Amino acid sequence: MSEEDEDQPPPKRPTASPPADQVLDNVLETVLQFLDAPRDRSAASLVCRSWHRAESATRDSVAVRNILAASAARTARRFPNARSLLLKARPRFADFNLLPPGWAASAFRPWAVAVASGAFPALTALYLKRIPVTDADLDLLAGSLPATFLDLTLHLCDGFSSHGLASIASHCRLRVLDVVECDMAEEEEQEVVDWVAKFPPEPTNLESLSFECYAYLVDFAALEALVARSPRLSRLGVNQHVSLGQLRRLMAHAPRLTRLGTGSFRPADGGEEGLNFGEVVTSFASAVRARTLVSLSGFRDHAQEYLPTIAVVCANLKNLDLSYAPVTPNQIVMFIGQCYNLETLLVLDSVRDEGLQTVAISCKKLQSLRVLPLDAHEDAEELVSEVGLSAISRGCRGLRSILYFCQRMTNAAVIAMSQNCPELKVFRLCIMGRHRPDSVTGEPMDEGFGAIVRNCSKLTRLSTSGHLTDRAFEYIGKYGKSLRTLSVAFAGDSDLALQHILEGCSKLEKLEIRDCPFGDAGLLSGMHHFYNMRFVWMSGCNLTLQGCKDVARSLPRMVVELVNGQPENKRAEGVDILYMYRSLDGPREDIPPFVKIL
Amino acid sequence: MEMDAENLSATELRLGLPGSSSSDDLPKKPSTSTSAGAKRSLDDTKSEASGTGPAAVDDHDATTPAKAQVVGWPPVRAYRKNTFQAAAAKKAEQQQQQSQGGLYVKVSMDGAPYLRKVDLRMYKGYRELREALDALFTKSISAAAEAGDRQYAVAYEDKDGDLMLVGDVPWDMFISSCKKLRIMKGSEAR
Chain A
17 MSEEDEDQPP PKRPTASPPA DQVLDNVLET VLQFLDAPRD RSAASLVCRS WHRAESATRD
77 SVAVRNILAA SAARTARRFP NARSLLLKAR PRFADFNLLP PGWAASAFRP WAVAVASGAF
137 PALTALYLKR IPVTDADLDL LAGSLPATFL DLTLHLCDGF SSHGLASIAS HCRLRVLDVV
197 ECDMAEEEEQ EVVDWVAKFP PEPTNLESLS FECYAYLVDF AALEALVARS PRLSRLGVNQ
257 HVSLGQLRRL MAHAPRLTRL GTGSFRPADG GEEGLNFGEV VTSFASAVRA RTLVSLSGFR
317 DHAQEYLPTI AVVCANLKNL DLSYAPVTPN QIVMFIGQCY NLETLLVLDS VRDEGLQTVA
377 ISCKKLQSLR VLPLDAHEDA EELVSEVGLS AISRGCRGLR SILYFCQRMT NAAVIAMSQN
437 CPELKVFRLC IMGRHRPDSV TGEPMDEGFG AIVRNCSKLT RLSTSGHLTD RAFEYIGKYG
497 KSLRTLSVAF AGDSDLALQH ILEGCSKLEK LEIRDCPFGD AGLLSGMHHF YNMRFVWMSG
557 CNLTLQGCKD VARSLPRMVV ELVNGQPENK RAEGVDILYM YRSLDGPRED IPPFVKIL
Chain B
111 MEMDAENLSA TELRLGLPGS SSSDDLPKKP STSTSAGAKR SLDDTKSEAS GTGPAAVDDH
171 DATTPAKAQV VGWPPVRAYR KNTFQAAAAK KAEQQQQQSQ GGLYVKVSMD GAPYLRKVDL
231 RMYKGYRELR EALDALFTKS ISAAAEAGDR QYAVAYEDKD GDLMLVGDVP WDMFISSCKK
291 LRIMKGSEAR
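So the sequences go chain by chain: A and B. The letter at position 480 of the first sequence is residue 496 when you use this note's numbering, and the numbering goes up by one with no holes. The letter at position 2 of the second sequence is residue 112 when you use this note's numbering, and the numbering goes up by one with no holes.
Hint data in this document are derived by calculation from the structure and do not stem from the laboratory. Be aware that one or more of the hints could be misleading.
[What the hints assert, rightly or not] No farther apart than 35 Å at their CA atoms in a straight line, the calculated lysine-lysine pairs in the DSBU-like style are these: (1) B:K191 - A:K145; (2) B:K191 - A:K334; (3) B:K249 - B:K295; (4) A:K526 - B:K191.
On a predicted model such as this, the values are computed, not experimentally measured, just so you know.
Throw the hints in and build the complete structure from the sequences for me.
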């Protein structure tokens, strides 16, 4: 995770600058062009005024990780030569319906206007994450993006519809159009526009086209024709309305795919031709011969009998996303044995501990694992447990990132993982039942999480769950020195826990807390650190208006938002959601009625 | 009397999934009653696992009063939650209509040399059943008609072993309780 752009005021200098400065600037710019890492660039920009100038002029990739914190105008002034813009708006907890809709409804509009008015003349790529984007915004962009514009990625965005996509498709010579996990606006069936048909009729430069989350049917003839006239296409992700037979035809037109989202992976209702097992295997076998396919996803409604056809490509796979496919242990064993090069795996807990054991045996190079719940409820059936986690930790020693949903867990298993997987940078454990202790000993999960922060020195992101006392946070504060992101839910006994976190985790940038017994005293213990943080989210805690006002008063550059998470209920006292973030441009103006800015 | 019938139906061993027979009979924790079978087929597992989902959401007051559903917990995006709930509901519906092996019951007719079997799930109502029986036993019926016995009644044997007249109870209830069908000649049916 990199720093957000920090616009510290440069030190004051006398106005007359000797000509030598210009030479210096040119030299600096030439040298700084080679600096890629965002942290390095941030550091360079803080050296002095000329370094600041040179760095700003040469920065290619600009990331504004909270668009409420820095305006489009300011960003354009500072980074006029930006070629790629990454913008994010909502905090992550908004994904779980904790923020009412409309919280930042028009946040993107000023950016669309800025881009449309040529504020970023060199812009080639736009990556929007968790931002509400309307069709009007997309229309505006489509009509006025520079001719150099190539890549548009919409990730976890919402508010737009097929009409917006149609605008973009028809006006821009796109290289990348990725619509990922977006919650698009609902449309009447007859209103839906076939945006795939809107791509210009001549051969395209498309390298990546992804619409796995698109809810409606796409005209297959148009899609097939588009793929056929896109010779550079290497990444294709289709939605669940594309059948297996249709997928085979698309694959035939795009022999050099590196990433494939397979759609439904099931024959169309009513049967399809050319779908005996061997024929499907043949399609994948051609992909193998090209040696390019390294990433598979989709399987949105897969027919069990066809799943083993992917075995033939498994040896090349680095990424496999089965997170929409309820695969059983018996099914996964049919192909996972070939996946010895796999680095990223997403599965549902339907694979059970036995399935995870086969993963642990086969996927020795695994770096990132996500085990997601088929039935995301607190009282869902136990499908995976500490057995699966232990197996993974023994088999996949190079693991760097894990997200594990389960119903039962033990300290022993977590401790074992901390010892077996020293490379861990991300550890996110979600024991779905709230306040669940160690399922064998009945103790809180303090020791497990303590071991993680103690033994995994590279840990930058941690999500906790289960029954945790203040002791767990004592460990986190004491040992979590590289922690940048911490998520805590239904844990802790008192303000002491929050104090441990804020006083101990010196590199903390993002703090998400929900439903913990933390109050003003805990919050105020972090005053020395809040300016170094990207944001703090605290919901369902014991904060009071007074405490939040104290923070707002002492930290004038923090925007302190108090949000009423359930606007339909009148909240008499107490703070529902506190969301605060540093900002260069002061509080935003478009505040919905359920938000109060102190 | 009604209470007894309900209790009996709750304890009865059946092939159906929880909730597939009649919607009133959703047990409080379907997962515990069926989690004994470790090596189940996938469809069963998925329907059970997801079956608690809709049940929990709809009847959370009735099922587990201690744990009302909390907003945003577990932290899974709504799209993902809805994908599996929708799929599970669809599968459950499909399985209600399809058979898991069919619900075949013997049909006997007095005077017919051999019995037949029909799949009760193939029919949507009594009229279709009657037409099917007509078709199956057409020879025997016409033979009986010639002998002067035009009318016949269809009766069924329920799980208690009692002979009941077909047509009194709603179709779904009939399917779940019918064990055998018997076509009786008009003279006997009085």
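Verification of the hints:
{"no.": "1", "hint": "B:K191 - A:K145", "verdict": "20 Å, holds"}
{"no.": "2", "hint": "B:K191 - A:K334", "verdict": "27 Å, holds"}
{"no.": "3", "hint": "B:K249 - B:K295", "verdict": "14 Å, holds"}
{"no.": "4", "hint": "A:K526 - B:K191", "verdict": "26 Å, holds"}
In terms of the numbered hints stated before, the structure departs from none.
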